[in-house]
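**Q** Single-letter residue listing:
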Amino acid sequence: MEKILLLDIPNYHRIDVYREHGGYETVKKAYSMSPDEVIDEVKKSGLRGRGGASFLTGLKWSFMPKTSDKPKYLCINGDESEPGSFKDRQIFEFNPHALIEGALIACYAIQAKAAYIYVRGEYHNWIEMLQKALDDAYSMGLVGEKMKETFQTPYECNIYIHKGAGAYICGEESSLMNSIEGKRPYPRVKPPFPAQNGLWGCPTTINNVETISNIPAIIKNGWQWFSRIGEPRHPGTLLFGVSGHVMKPGVYELPSGVLLTDLIYNYAGGVPGGKKIKCVIPGGSSMPPLRGDQIEGVKMDAESLKAAGSAIGTGGVIVMDEDTDLVRVLARITKFYYHESCGQCTPCREGTGWMLKALNRIARGQGTTSDLELLIDVAKNIEGNTVCALGDAAAWPVKFMITRFRDEFEKAVKKEVVMPVASMVHSMRHTALPLAELKKN
Amino acid sequence: MAKMAKIIIDGKTYEVDSSKNLLETILSLKLNLQYFCWHPAMGSVGACRQCAVKKYRDENDKAGKLFMACMEPVVDGMRVSIEDPEAKEFRAGVIEWLMTNHPHDCPVCDEGGECHLQDMTLMSGHNYRRFRYKKRTYRNQYLGPFLHHEMNRCIQCYRCVRFYRDYAGGDDLNVFGVHSSVYFGRHEDGVLENEFAGNLVEVCPTGVFTDNTLFQHYTRKWDLTSAPSVCVHCGVGCNTLAGERYGKLRRILTRYNGQVNGYFLCDRGRFGYEFVNSEKRIRKPMLRLSGENRLSEADEETAITEISAIIKSSRKVMGIGSPRASLEANFTLRSLVSERNFYWGVPEQEFSLLTKEMNILRQGSIRTPSLREIEKCDVVVILGEDLTNTAPMIALAVRQSVRQVPVQSATPYKIPHWQDAAVRELVQDEKGPVFVATPYATKLDSVARTFRGSADEIARLGYAIAGAISSDAPKADNLNEEVCVLSESISKALNKAERPLIIAGQSLKSEAIVNAAANIAYAMRKAGKNVELCYTVPECNSMGMVMMGGKALDQAFHAVEKEAMDTLIIMENDLFRRDEKQAVDRFLKRFKNIIVLDYIENATTERATAIIPVGSFAESDGTFVNNEGRAQRFYQVFVPNKEIKESWRWVRNIMVTSGMKEFSRWKNLLDYTQALIKEMPYFTGIDTITPPPGFRIAGRKIPREPYRYSGRTAMHADKTVHEPKPPEDVDSPMSFTMEGYRGQPPSSLIPFFWSPGWNSAQAINKYQIEVGGPLHGGDPGKRLIEPLPNAKPSYFTDVPKAFAPREGEWMLVPVYHIFGSDELSVHSPGVRELVPKPYIMLSPDDAARLQVTSDSELELGIGGQVERLPVKINLGLRPGLAGYPVTLPGMSVVRFPVSVKISGVKK
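Here the protein sequences line up with chains A and B, keeping their order. Position one of the first sequence corresponds to residue 1 (our numbering), numbered consecutively onward. Position one of the second sequence corresponds to residue 1001 (our numbering), numbered consecutively onward.
Derived from the structure by calculation, the hints contain no laboratory data. For glycine and all other residues, C-beta sits at the position ideal for the given N, C-alpha and C. Honestly, I wouldn't trust all of these hints.
Said to hold, decoys possible - These stretches of chain A come out as covered by chain B in the derived footprint (C-beta under 8 Å, 3 or more residues):
| hint | region |
| --- | --- |
| 1 | 197-205 |
| 2 | 331-344 |
| 3 | 397-411 |
What the hints assert, rightly or not - Below are the DMTMM-like pairs computed for lysine to aspartate or glutamate, each with C-alpha atoms no more than 25 Å apart in a straight line:
| hint | chain 1 | residue 1 | chain 2 | residue 2 |
| --- | --- | --- | --- | --- |
| 4 | B | LYS1135 | A | GLU383 |
| 5 | A | LYS357 | B | GLU1089 |
| 6 | A | LYS183 | B | ASP1166 |
| 7 | B | LYS1431 | A | ASP69 |
| 8 | B | LYS1529 | B | GLU1498 |
Given the sequences, and given the hints that come with them, work out the whole structure.
**A** Set out below in structure tokens:
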């Protein structure tokens, strides 16, 4: 089985071991090409972003202006704060130099002055590991001003590690840039896109850690090699973080397009106690959950999951067995998105809190069927109407969990308690709506 | 010329300006669409998601997609729908979300009845509450005497922080916390530091920040009798709306004027009004009856008879006018005493400096910009003015001008300039060139390159700049390196500028500064460059005063030395604020009768033998001329009691009674104004800046009260159950009642902004030709000063010598305070709280030399007297200079320039 990132080489995180195995040689190859050739190579490889949106990486790079009177930047998103997602830290721990080498190539391709690796604040240990790797690379003259000599090139760039402070929103690309700038991490309205108006108002490309770590292998082995791995429309290997009710939770590097059932039963060892699967969230907690009867034959790549009614997200597969109380699961997931809502735009700021309150009440056994309609209604109003995609992230679990597990939620709520009409009339006294209109509503 | 685009809104085609966003366009078309976070002066950020509309790709697209109108550029052929059911439902949904936590405390909320949130809620149609949980609550903060904080009402639109930080340059208000508990406030309780914080009252779409001075004597908007007014607290002439009930002035709001103050006011202008309600108000005539030594109250008729008798029996009557009184008031007094015996109650130094400023503008070829035009300037050079304290709204305009250059960088990126968040991101900290040369550190320093020095050194810098621009301009010699380098870079910036501006004034009492500023402008003009010149003036009618011309106080002092006079009439002027106490004392002792017309007790009224209660701006009509030479009419808001009349009406009545029968022709203000124009033709046109008193729309007057005004039949019930006849206004086409024309009045007669469905200040949108543009019928006021294009003024040559500190002596420089230096606003309790205590400002070096620290006391030898003052250290002040706060309560009046001896106080 082909692996690109998590290789079975002992001490591969050490720079000496990495270099013994040809590490940092690809930089030389990349630097002998023109930046456009590098972009072209990545474009042809079909590499898609691993941060959730599965956007074509080469295409994104090509959006960067060729000429600019401002410096250009690369941001590498290692905020990894989506519940159920824990793949990037494997790279920090076991293959940090692929990331650094990838960053050097990516920076060259877009002619960036510097790369910022944004790592989530809770990853204390992994930040240290990554910092050690970066320090080693600097001391060996692979990054920074000495790289000119090392790689015999006029090009030079720096790499910095920026530590997050524990906000989920910082994983949103524009919030991440605001955070690096020292501002409150509010997402920005797009357009303008980062390639125009990114970090410090300069042209910026932002990629996921896993995406960048794939770059050296693509340049080294050529786009044809990469594009043949896994599912052609979403080629390469993916790091799947499997958690929940499985025998062997962990991160598995597998070619894209692997069967979800294969991943759960063969690689992750199946469900403890041989229980049935009630629900699987295939891409991190914000992605639409699938019922146990929907996972058969579903392949793990962006297009296939879309067809199956979910999304690949960050490849964080959360498995829940038949005994799981999905009301409580949803309440817990919603609590997370409520807590992490940045507070900038109304739908997410107000909607998440409301959904949480309703779900908590249902979980306490005090909900009514109208609560379910309300939840779906609120979620639908949030979806697509917020400044950033995290509004969708908060809305999808609610919307899909309730619609796909309707019977379970219906069981959890009491029969509808009809509000006495008198009190409704009372509350409407000052409105111009006739009663008939009101009843219709 | 704006690029036009055809767009289709709900099936109707409109031709609109394509440089605007869709929301602005919709509002300019007078269509209704709900919004919160967008503000016409602050652009779009897309945070509240309230202004969602459906946008369709083309005519075949029936589904469409929701977009935020404030973030959508207008594109030719665009198809949108406001009325689409999905869009309407979403907008109602946003209101529903906001209402989940909003406390619905409208009955006890000061914003109630003029609340944008109320209006938008009604407009959205949301009315049924589905949220059945507890609301989040906050702890409120003490924010100082002006603003009341009630965070529970917050709908998190972020307008407050955007105004406070991005627009007004404040940094002690911010957003804290996350998700649905974001908090807008200070890091701890305390007085908001920014001088424009009061605008939050109008910027906040609901009742989070409300007017605390209004709260002290609260009245709903619909219960106010309001009139268009002009601010009297500095010379900028911001337009205001003043509202009254039960004989008390209740509050001041911004009266939008697209050419002057736009949507904002400074806190002195907004909160200084309470002097009108002061305990120290003079409400009855006071006369010294024969045989008595003290003054006693008299009625109107007695006062007129007595004073007319005094005037008739006097051999000579001298009149002292005032720059805080209207043109008409001064003109009437001048008519009474004759031109020969009329003097302005300001020192010669100030009068001649202001005259000089006016002459430079009126006889030269340099244009002076309006406040709005200052915002559009791309390079600003400020000589000698601490604008935040001498002309606060000019400082706010300069703060906007620093964005002019950097914002241009958004154009190549195709980022529309109204897209505020993106533009600020692109621009980062980059600022357009502003240069501030003042003796001490000022608040504008944060956006400027600064120069510190004495008045002479500032003037020398000005001359150096002029010399660097044009080789024939007189140059300052022996320049030090700092001035050389700075003048070089300023002249470079000016040469590159498209719309450069020089700002100066008479604050430092330096003629050389006024001249140097003119020289820069002349040099620019010689070099064929565009340039504008703005002079600040200290008082609301200072410019009107020097346009009328005449003699100053010093000449009055000389006149009485030469020639015996027995009666003095002082109008709206406290002479003890104008000159040294001994000089004023000696002057007043020369007169047998001192008749003072004023509204507040002061040191001069204490010396009066007769006091006439006259109307403040709120009880008078009149015309002021602001620093740009714009004549603006202000209107009486209410009639307090029959003895309080306009100065001009009192003086005219006295004239008529004392035998000058020809003045009985003057019946209403227009007669006075026209008589003034006849004698002083350069005021031509000021009688037409507003419709004449006989103006009617459909036979009706413009009502000062809205149709919801309540209590009219009951409010006098303690005195009489019969509804008294409302006072008549012969001076304007406005009535003191709720009856009258209900549509939009002419722009100069707008007593309140109110439109169906738009009860808050946001109704301004409906009064403008296009959002943010001029009012329907044009912005009111008339510029009396326009440049003469062919004038070829010659350079000034009075280059001063470099300042050399002398051992043991300090040169005093005047220091100004937004709260404290103004005569009237200090009588407002809120302002009074913020007035600094007397102090002397020293440089850190001098403080170290004198071995003093902040707040330790010093002795100041000044004019043979010794004052004890605590020290404040200012990092910008040069050694050898000492800052002396002028006209601050508790400080003496000194004549600048003056050198003093300072010594430490032995404990």
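**Q** Quick one, are A:LYS357 and B:GLU1089 close enough, alpha carbons at most 25 Å?
**A** 22 Å, holds
**Q** If you count the residues of the region 397-411 of chain A with a beta-carbon closer than 8 Å to a beta-carbon of chain B, do you get 3 or more?
**A** violated (count 0)
**Q** Can the restraint linking A:LYS183 and B:ASP1166 be considered satisfied, given a maximum Cα separation of 25 Å?
**A** 14 Å, holds
**Q** Would you mind confirming whether the straight-line C-alpha gap from B:LYS1431 to A:ASP69 stays at or under 25 Å?
**A** With a Cα-Cα distance of about 17 Å, the restraint between B:LYS1431 and A:ASP69 holds, given a limit of 25 Å.
**Q** Given the proposed pairing of B:LYS1529 with B:GLU1498, does the C-alpha separation stay at or below 25 Å?
**A** Within the cut-off at roughly 8 Å; holds.
**Q** For the region 331-344 of chain A, do at least 3 residues have a Cβ located nearer than 8 Å to some Cβ of chain B?
**A** holds (count 7)
**Q** Count the residues of the region 197-205 of chain A whose CB lies closer than 8 Å to any CB of chain B, then report whether that count reaches three.
**A** holds (count 3)
**Q** B:LYS1135 and A:GLU383: Cα distance at most 25 Å?
**A** Judged against 25 Å, a Cα distance of about 24 Å means the pair holds.
Of the hints listed earlier, the one the structure fails to meet is number 3.
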